[in-house]
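Asker: Chains A and B supply the protein sequences, listed in that same order. Each number in the numbering used here corresponds to the 1-based position in the first sequence with 1 added. Each number in the numbering used here corresponds to the 1-based position in the second sequence with 1 added.
Be aware that a few hints might be false.
[What the hints assert, rightly or not] No more than 20 Å apart at the CA atoms, straight line, and that leaves these computed lysine to any residue pairs for SDA-like:
hint	chain 1	residue 1	chain 2	residue 2
1	B	Lys39	A	Val79
2	A	Lys39	B	Lys39
3	B	Lys39	B	Gln82
4	B	Lys39	A	Leu28
5	B	Lys39	A	Pro80
6	B	Lys39	A	Glu4
7	A	Lys39	B	His40
8	B	Lys39	A	Asp44
9	A	Lys39	B	Val79
10	B	Lys39	A	His40
Worth flagging that the hints you see were computed from the coordinates, not collected in a lab. On a predicted model such as this, the values are computed, not experimentally measured, just so you know.
There are 2 protein chains.
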Amino acid sequence: MPEFMDVHHDMVGITTEALGEAHQADLALQDGEGVNFKHAWADPESGRVWCLSEGPDADAVRRVHERAGHPAAEIYPVPVQA
Amino acid sequence: MPEFMDVHHDMVGITTEALGEAHQADLALQDGEGVNFKHAWADPESGRVWCLSEGPDADAVRRVHERAGHPAAEIYPVPVQA
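Isolated chain A, as found in the complex (with noise of 0.2 Å):
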């Protein structure tokens, strides 16, 4: 299955909870569109948020993060990894 890295620019000041909380919007969403979100980091200076999911394509990884509230601002395929 193809993987995925997103990057969102607007979350300055995200706390542990909040991130906690998006997460699990994203993983509530994800079955419909055969998508596994596996982990997200977060610095609240700048307010990036990168998640990092395996799934079909980068339009079902941009659906979930829509309709959780949360659109990504860019989506990568990853598929050279060390």
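With the hints as your guide, set chain B onto chain A.
Answerer: Positioned in the frame of chain A, the structure of chain B alone reads:
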């Protein structure tokens, strides 16, 4: 130990072999800075590469990447995770 996500912008066309070599160059240099590069994800089409590390501070991460010959464009602490 704090964790960091850094971003490279200029690695269009990167292959699994080239990312592996770049990652090994980081691993060979990281001990002197007390840094541990944990994983790297790359999108050959956009040239974006993300590296997850832990270390004492962002400058230590920056120095390892610079000495390895592939300076990061951005480095962020990621204290909030899910």
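Asker: Does each hint fit the structure? Answer for all of them.
Answerer: Each hint, compared with the structure:
1. For a cut-off of 20 Å, the pair hint linking Lys39/B to Val79/A stands: about 16 Å separates their Cα positions.
2. For the hint linking Lys39/A to Lys39/B, the alpha-carbon distance of about 16 Å falls within 20 Å, and the restraint holds.
3. With a C-alpha separation of about 15 Å, the suggested pair Lys39/B and Gln82/B falls inside the 20 Å cut-off, and the hint holds.
4. Distance restraint check for Lys39/B and Leu28/A: the Cα-Cα separation of roughly 25 Å exceeds the 20 Å cut-off, and the hinted pair is therefore not satisfied.
5. Of the pairs offered as hints, the one joining Lys39/B and Pro80/A holds, with about 17 Å between alpha carbons and a cut-off of 20 Å not exceeded.
6. Of the pairs offered as hints, the one joining Lys39/B and Glu4/A holds, with about 17 Å between alpha carbons and a cut-off of 20 Å not exceeded.
7. Taking the CA atoms of Lys39/A and His40/B, the gap is about 14 Å. The hint holds against a cut of 20 Å.
8. A hinted pair counts as satisfied when its Cα atoms are at most 20 Å apart, and Lys39/B with Asp44/A qualifies at roughly 18 Å.
9. Proximity of Lys39/A to Val79/B is assessed by CA-CA distance (about 16 Å); at most 20 Å being required, the pair is judged to hold.
10. Pair hint Lys39/B plus His40/A holds up; C-alpha atoms about 14 Å apart against a cutoff of 20 Å.
Checked against the numbered hints given earlier, this structure breaks only hint 4.
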